[in-house]
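Chemist: If you read the protein sequences in the order shown, they are chains A and B. Mapping to our numbering: the first sequence position 135 is 135, numbers consecutive. Mapping to our numbering: the second sequence position 115 is 115, numbers consecutive.
Derived from the structure by calculation, the hints contain no laboratory data. Some hints here could point you the wrong way.
[Unchecked claim] Some chain B residues near chain A, calculated using beta-carbon distances under 10 Å: (1) 195; (2) 221; (3) 305.
[Stated by the list, open to error] Only some residues are given here: those of chain B computed to face chain A with a beta carbon under 10 Å: (4) 56; (5) 59; (6) 107; (7) 109; (8) 111; (9) 171; (10) 173; (11) 177; (12) 180; (13) 188; (14) 189; (15) 196; (16) 203.
For clarity, every value in this text was computed on a predicted model and none was experimentally measured. Glycine residues also receive a C-beta, built at the ideal position from the N, C-alpha and C atoms.
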Amino acid sequence: MASYSTSDFRKGLKVQIDGDPYLMVECNFVKPGKGNALYKCKLRNLLRGTILDRTYKGGDSLEAADVTEIGAQYLYGQQDTFVFMDKSSFEQYELTKDQVDEAWKYLKEGMDCQMVLFNNNPISVTPPNHVVLKVEYCEPAVRGNTATNLTKPVTLETGAEITCPAFIELGEMIKVDTRTGEYLERVRS
Amino acid sequence: MEPGDSSDDCLPTADWARLRLRADLLARTRSFFEKRGFLEVETPLLSADVVVDRYLEPIAVSTPDDHSGVRPDRTLWLQTSPEFGMKRLMAAGGEAIYQITRAFRGGEVGPLHNREFTIVEWYRRGHTMAEGMQCLSDLSEALLQRGPAEQTSYAEVFEAHVGVCPHRATTLQLREAAARHGVHVSDSFGDADRDNWLNVLLAQVVEPHLGAVRPTIVHGYPASQAALAQVTGDPPIAERFELYVRGIELANGYHELTDAAVLRERNRLANQQRVAEGKRQLPEESRLLAAMERGLPDCTGVALGFDRVVMLAAGAKRLSDIMAFPSDRA
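Please model the complete structure; the sequences and the hints are all you need to start from.
Modeler: Structure, rendered in structure tokens:
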């Protein structure tokens, strides 16, 4: 397995620590004038999402993690299983609800997503930044009110609940930012 | 701007206002030394001699066809600081000399480090450590206008912020102190020595507090970190001092070691540590040693990281904000 020495350390590096894959989210080079070089790193565990703070000395090394990102199409969901297909190899992957995490809120059949594989096993999936989804349930719209500061909860076709302006009506299509979970705009068909 | 991901890398990273500030600070530095009777000197950047330091990586230069004046079996090195050349001038009768020059250190890349950087370095014959610290404080005041520096000892700042005596604590006590202060280190620290622990504690626990309100000069370093400073007292303490402003190390000064035999011994030890750590062995003999054998006068010497001074004066957060072309655009 390849490894990275401290001189290769940088933000975005994918490494393996105690068997888990980590993403280096921060790496600060610190060196008192007459002292040894230190690398103050923050690493995100790609399986658990936890953050590890760790200081390395110059000359240390970390094993590279076999982490790849692929384009994957969401095919269908079945109870707590979500089935995706690798768009280039057509291989299918089943992810648990834990692995899918927050992404379940935005998954619609046929949607193109990004999937991260660690040692060829899926560990996470990211939907497109913007998705258009149908409002499946909400209280009736407040007539004549187009102000966006008046809000109400709505339930989307995926079952996720988000907050929308009060003028949104049942059956409307809305655009949502999947990174923040926020309503962006109404989409007229 | 992230390095390496841009087609704009022909452009400078500092704006013109900051380049003008840089030029202004250079002029003020020259005027400061001129008023005090220092002579501006120049010494070679490329030399057959090299500082032997456990943690400095000099950049070796190959010269395929020209070895004139250089012992042919020797590599040439880009200086990590101008101290060898300047001390040779002191040994040859220098009274008060200063230089504004470039220094090079391999492997040092970060917001506060650039492979190639500007050093202001000066020497004054007959100055004690106290006088050396006063001169540094005056220059800091002239360039940064943050008032005179307060002075504190290395032991005091360690006791205040870490809660241990840096000269007496054992390796185990230092390791426990690091854990207490939430410093999480890699497994490779299992074989870390006292200096490694002092260093990690200094960098992560002490330095952020130094010079927070007023510039601070820390003096009296552990003898094991003397580099080229004189060591005195019991416990033995190095007559070395450093200037900090807002947690950033700006200058390092010594009441200079003048004994060639002691320097030979320190070079040998530094090389031993380098080899044990898998680093390149460096030539221990130098023309500085020869000059010291003829007699280096009692003096202090200080090196100031000029780019960091400009960065602080500009209110910038990284060196690339005040350099025209940092290493990744050089």
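Chemist: Each hint should be assessed against the structure and marked as holding or not.
Modeler: Now the hints, each set against the structure:
| no. | hint | result |
| --- | --- | --- |
| 1 | 195 | holds, 7 Å |
| 2 | 221 | holds, 8 Å |
| 3 | 305 | holds, 8 Å |
| 4 | 56 | holds, 8 Å |
| 5 | 59 | violated, 14 Å |
| 6 | 107 | holds, 6 Å |
| 7 | 109 | holds, 6 Å |
| 8 | 111 | holds, 7 Å |
| 9 | 171 | violated, 15 Å |
| 10 | 173 | violated, 19 Å |
| 11 | 177 | violated, 14 Å |
| 12 | 180 | violated, 15 Å |
| 13 | 188 | holds, 5 Å |
| 14 | 189 | holds, 7 Å |
| 15 | 196 | holds, 6 Å |
| 16 | 203 | holds, 5 Å |
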